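Trainee: Here is what each chain is made of, one letter per residue.
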Amino acid sequence: AQSVTQLGSHVSVSEGALVLLRCNYSSSVPPYLFWYVQYPNQGLQLLLKYTSAATLVKGINGFEAEFKKSETSFHLTKPSAHMSDAAEYFCAVSLEYGNKLVFGAGTILRVKS
Amino acid sequence: NAGVTQTPKFQVLKTGQSMTLQCAQDMNHEYMSWYRQDPGMGLRLIHYSVGAGITDQGEVPNGYNVSRSTTEDFPLRLLSAAPSQTSVYFCASRNPINTEAFFGQGTRLTVV
Chain A
152 AQSVTQLGSH
162 VSVSEGALVL
172 LRCNYSSSVP
182 PYLFWYVQYP
192 NQGLQLLLKY
202 TSAATLVKGI
212 NGFEAEFKKS
222 ETSFHLTKPS
232 AHMSDAAEYF
242 CAVSLEYGNK
252 LVFGAGTILR
262 VKS
Chain B
7 NAGVTQTPKF
17 QVLKTGQSMT
27 LQCAQDMNHE
37 YMSWYRQDPG
47 MGLRLIHYSV
57 GAGITDQGEV
67 PNGYNVSRST
77 TEDFPLRLLS
87 AAPSQTSVYF
97 CASRNPINTE
107 AFFGQGTRLT
117 VV
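Protein chains in written order, with our numbering: chain A, 152 to 264; chain B, 7 to 118.
Hints in this document: simulated from the structure, not taken from any laboratory. Incorrect hints may have been included.
Stretches of chain B that chain A covers, calculated by requiring three or more beta carbons in the stretch to come under 8 Å of a beta carbon on chain A [what the hints assert, rightly or not]:
1. 14-21
2. 42-53
3. 109-115
Residues from chain B that keep clear of chain A, each with C-beta distances beyond 12 Å, as calculated [what the hints assert, rightly or not]:
4. G59
5. S73
6. P81
7. L84
8. L85
9. T105
Predicted, not measured: the structure shown is a model, and the values here were computed from it. Note that CB positions come from ideal geometry on N, CA and C, so glycine has one too.
Looking at chain A on its own, in the form it has when it is part of the complex (with noise of 0.2 Å):
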C-alpha cells in the first residue's frame, strides 16, 4: 500500500528566502504524486503533479517540485517565499489509475516579515 510522510508539521521562513517542503513517499509500483495547498477555511487546490513524464515538474504559484526516485521523494520548493505562500500544504501519492489518494499529515508554512 502507498503511504507519504512529510517532514515537519510547521516550517517558518522568511519573506523573500528558499522555501523547502518535505515529502518522502512509499509505493511498491510508479506513483503519481501531488502537492495541494490549503488556505484557511478553503478547500484543497492542486499545486502540481507528478505523471511519470518529466522529473522536474513546475506548478502554480512560481512553486515545483522534483521526483527523486532513489530518494523516494518529491519535495517542493519556492525560490524566494511570498506572504501570500502562508499555507498548509499536502503531499499526496496514487497508484496509476488507483481508486485512492493518500495524504500526508500537512505542512503549515508561516513565512516572516
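Using the hints provided, position chain B relative to the given structure of chain A.
Mentor: Chain B alone, transformed into the frame defined by chain A:
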C-alpha cells in the same frame, strides 16, 4: 461548471443524531471520495466509490455510510453522531485518466 459542491458548510449535531452530508459533482468523474481532516492528521479517507453502484471503505469508515446511485452524487451518512466525529469533511472527485482530485469547500461538523 460548479465543480464539487458540498452542503451544508456548517452543522452542529447532538450526540446520537443522524444526518447526511451532500456532495455533487458536474464533471462526470467516476471516482468520488470522502475525507475527514483533523489537525496534525492530514486527510483520512472514509469511503470511496469508483462508479455508480460501487463503494468501498477507506481508512476510517466506522460510523459512516455511503451510497452511489448516480455518477453525480455521493452522500455521506452519519448514523449516530459522536463527539469523535467532530471534524471538517471534504468530498473529492477524480477522473482516473488525469488522476487529479478536485475538492469541495468542506463541511465543518461539530458534535456536542
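Trainee: Does each hint hold? Answer for all of them.
Mentor: Hint by hint, here is what the structure shows:
1. 14-21: violated (count 0)
2. 42-53: holds (count 6)
3. 109-115: Three-residue rule met by the stretch 109-115 of chain B, so holds; n is 4.
4. G59: holds, 14 Å
5. S73: Given that every Cβ of chain A is farther than 12 Å from that of B:S73, nearest at about 17 Å, it holds.
6. P81: About 18 Å separates B:P81 from the closest Cβ of chain A, which puts it past 12 Å; holds.
7. L84: holds, 20 Å
8. L85: holds, 23 Å
9. T105: At roughly 5 Å from the nearest Cβ of chain A, B:T105 sits no farther out than 12 Å, so the non-interface label is violated.
Hints 1 and 9 from the earlier list are contradicted by this structure; the remaining hints agree with it.
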